[in-house]
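Read top to bottom, the protein sequences are chains S and X. Be aware that the first sequence starts at 1, since it is given in the numbering used here, and climbs by one per residue. Be aware that the second sequence starts at 1001, since it is given in the numbering used here, and climbs by one per residue.
There could be a bad hint or two in this list.
Unchecked claim - Sample of chain S residues lacking proximity to chain X, with all beta carbon distances greater than 12 Å (derived):
| hint | residue |
| --- | --- |
| 1 | V12 |
| 2 | L15 |
| 3 | I19 |
| 4 | L23 |
| 5 | M30 |
| 6 | F80 |
| 7 | L84 |
| 8 | W90 |
| 9 | F122 |
| 10 | V175 |
Claimed, not checked - Cβ-Cβ distance ranges computed for the label pairs, FRET-style:
| hint | chain 1 | residue 1 | chain 2 | residue 2 | range |
| --- | --- | --- | --- | --- | --- |
| 11 | X | S1063 | S | M16 | 43 to 53 Å |
| 12 | X | S1144 | S | T88 | 36 to 46 Å |
| 13 | X | K1190 | S | E169 | 34 to 44 Å |
| 14 | X | Q1163 | S | L23 | 33 to 43 Å |
| 15 | S | G95 | X | K1190 | 27 to 37 Å |
| 16 | X | S1167 | S | H64 | 46 to 56 Å |
| 17 | X | A1122 | S | L83 | 32 to 42 Å |
| 18 | X | L1136 | S | Q150 | 33 to 43 Å |
| 19 | X | A1135 | S | R76 | 47 to 57 Å |
| 20 | S | L15 | X | A1113 | 22 to 32 Å |
| 21 | X | V1150 | S | V141 | 44 to 54 Å |
| 22 | X | L1136 | S | V11 | 48 to 58 Å |
| 23 | X | L1151 | S | L23 | 27 to 37 Å |
It is worth saying that the hints were derived from the structure and are not from the lab. By construction, the Cβ of each residue, glycine as well, lies at the ideal position given by its N, Cα and C atoms.
The chain contents come next:
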Amino acid sequence: MPALADRHSDVVICLMAIIGIVLFTVFGPMQTSSNIFYANACSVTYRSMEFNLGVHLIFMYRRHPTLTSTVHRLFRKNLFFVLLFFSTLWWLEVGQPLTASTQTTCLRLYFWNACLQDHHAFFVRGCLLAFALLMATDTSVSTNTKGELQLTQMNCTAIVFCWLVCIAEKMVLDVTFGGDVIP
Amino acid sequence: MEVSLVSAECTADVRSNFSLVSGFDGNSCDVNVQTLLRHCNILTILFLACSVITFCSSAYTGSGSTLDAVVVMSDVACIDISSALFVTSGSALAALLHVTETVVYNTLVHTLALSMVLDILAATVASVLLGSMNALLTHTFKWSDVGFTVLEGLTTLRGLDFQQVESAPHSYNVVAWPVQSMLWCILSSKGV
Chain S
1 MPALADRHSD
11 VVICLMAIIG
21 IVLFTVFGPM
31 QTSSNIFYAN
41 ACSVTYRSME
51 FNLGVHLIFM
61 YRRHPTLTST
71 VHRLFRKNLF
81 FVLLFFSTLW
91 WLEVGQPLTA
101 STQTTCLRLY
111 FWNACLQDHH
121 AFFVRGCLLA
131 FALLMATDTS
141 VSTNTKGELQ
151 LTQMNCTAIV
161 FCWLVCIAEK
171 MVLDVTFGGD
181 VIP
Chain X
1001 MEVSLVSAEC
1011 TADVRSNFSL
1021 VSGFDGNSCD
1031 VNVQTLLRHC
1041 NILTILFLAC
1051 SVITFCSSAY
1061 TGSGSTLDAV
1071 VVMSDVACID
1081 ISSALFVTSG
1091 SALAALLHVT
1101 ETVVYNTLVH
1111 TLALSMVLDI
1121 LAATVASVLL
1131 GSMNALLTHT
1141 FKWSDVGFTV
1151 LEGLTTLRGL
1161 DFQQVESAPH
1171 SYNVVAWPVQ
1181 SMLWCILSSK
1191 GV
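Bound conformation, chain X alone:
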């Protein structure tokens, strides 16, 4: 009942402002940014859980794993969750841009982007070291993988890994792509 009242009030408010300014116009019916951000955080944690299950499967450990029974489920969930995560993030940032002042929004975005860049750079160095050691242990070491991981870490662009063949280069830090892509999305959010 309360929800209906809020929505009706909201509708009337937007209608009154709509004739004056089309588009983002400043009234009391914004979506709750905190709830949207919470949705993003929940989806991120689910994505993280699915990724960890995938890494513990036999495809990664090299020997039979009891988690193999749920690996397909986690892969399918991972695809759905990652799509939902990006759409929800877009909504959350657009709503945040609307409810906060431009200066505050810029500060928030810069802080978030800087934190992401530092994370990616630190993870790239660690990936090259640990990934190379692991590849040497599993006899799959390739110099092209090392170069590719460094290139991807420095540019934060995941768009070059487009071939599944074993001879093609692949990044060591396979799961960093959501943060790499999100960085560019966040930086372009104000323009969009």
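Isolated chain S (complex conformation):
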């Protein structure tokens, strides 16, 4: 039994991480008029599940070398098509009419956002994109990790302050030119 657990425990842990994400993906769009998607999309509890999945993927990457090398080759060759698929998926939504209302409960990321349709809110799709990116990553030795980490720090700062910059700019334009000129 301990030997069996040693052999398959990583698969079980990874499956549990995936099942948790799939459950949120299924129940959110199923209950479009509930707060399930809204409450979990930005929640630290759900996002830490995705983060843990990423950690487990690296563990699996090293633990199953034969499978990894096969999948690695497959995704290295076909990453372009994966990215094309996602670009097409997003491009299809151009021109969709907005249904923004703060009075209704619907699928959306933030309170002020437009309501989305059920097929828009799929967490698993993003996880598949991450899996494709991970599997297409080369295996050469890193040369400038510190530089990338510095860029990560700057990006985090940009995310935290982007709403503030937008709102400050909007208020300056509002005060200077009046509300009608801004759009």
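Fit chain X to the supplied structure of chain S, relying on the hints for placement.
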């Protein structure tokens, strides 16, 4: 062709070590951490672009916007990208933990976490000021929003905003959640 050679070499190397140590075992077939971090940075920049498009839509500015045609696209992309970002970050940090020494990793994580905390605290103060001014201008000011923004900034926990009704409190700095959640993920990464 080169990729195949690398993968085959990698496979053989792991196989030879696998019988001795199961799990993370130190060999030449690590994923390139720099590339993984670059993927994270690209996804972060895309997320940022999508968020800015959302803020420029009529739902936020209050009047018709020419960007409304691409707002649904940016919202959908934002959901996919944020999920990909968290999974890729988990992979990047796990790979980084493996290829660097524990002391170096701890230093890197502490520096990153400290920078995030300072950013969040500074943004919270600015959010309360600017958010309140904007809410007063748009006649949507609520004291509960101010309290909620402060509470969220101090605890860096985005998990309390679970109701869409207008009377429920909502944070002013709506887009800070990836950094807030990432902070807890980074701090717990070594344990995971």
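Hint check:
1. V12: At roughly 15 Å from the nearest Cβ of chain X, S/V12 sits farther out than 12 Å, so the non-interface label holds.
2. L15: With a cut-off of 12 Å, S/L15 remains clear of chain X, as the shortest Cβ separation is near 15 Å.
3. I19: Given that every Cβ of chain X is farther than 12 Å from that of S/I19, nearest at about 15 Å, it holds.
4. L23: Since the minimum Cβ distance to chain X is about 14 Å, S/L23 lies beyond 12 Å and the statement holds.
5. M30: holds, 16 Å
6. F80: holds, 14 Å
7. L84: holds, 14 Å
8. W90: violated, 5 Å
9. F122: violated, 7 Å
10. V175: Its Cβ does come within 12 Å of chain X, the nearest being 9 Å, so this is violated.
11. X/S1063 to S/M16: 43 to 53 Å: holds, 48 Å
12. X/S1144 to S/T88: 36 to 46 Å: Holds: the Cβ-Cβ distance is about 42 Å, inside 36 to 46 Å.
13. X/K1190 to S/E169: 34 to 44 Å: holds, 40 Å
14. X/Q1163 to S/L23: 33 to 43 Å: Given about 21 Å between the Cβ atoms, the range is violated.
15. S/G95 to X/K1190: 27 to 37 Å: violated, 46 Å
16. X/S1167 to S/H64: 46 to 56 Å: holds, 51 Å
17. X/A1122 to S/L83: 32 to 42 Å: holds, 35 Å
18. X/L1136 to S/Q150: 33 to 43 Å: holds, 38 Å
19. X/A1135 to S/R76: 47 to 57 Å: holds, 50 Å
20. S/L15 to X/A1113: 22 to 32 Å: holds, 30 Å
21. X/V1150 to S/V141: 44 to 54 Å: Holds: the Cβ-Cβ distance is about 46 Å, inside 44 to 54 Å.
22. X/L1136 to S/V11: 48 to 58 Å: holds, 55 Å
23. X/L1151 to S/L23: 27 to 37 Å: holds, 28 Å
In terms of the numbered hints stated before, the structure departs from hints 8, 9, 10, 14 and 15, listed from lowest to highest.
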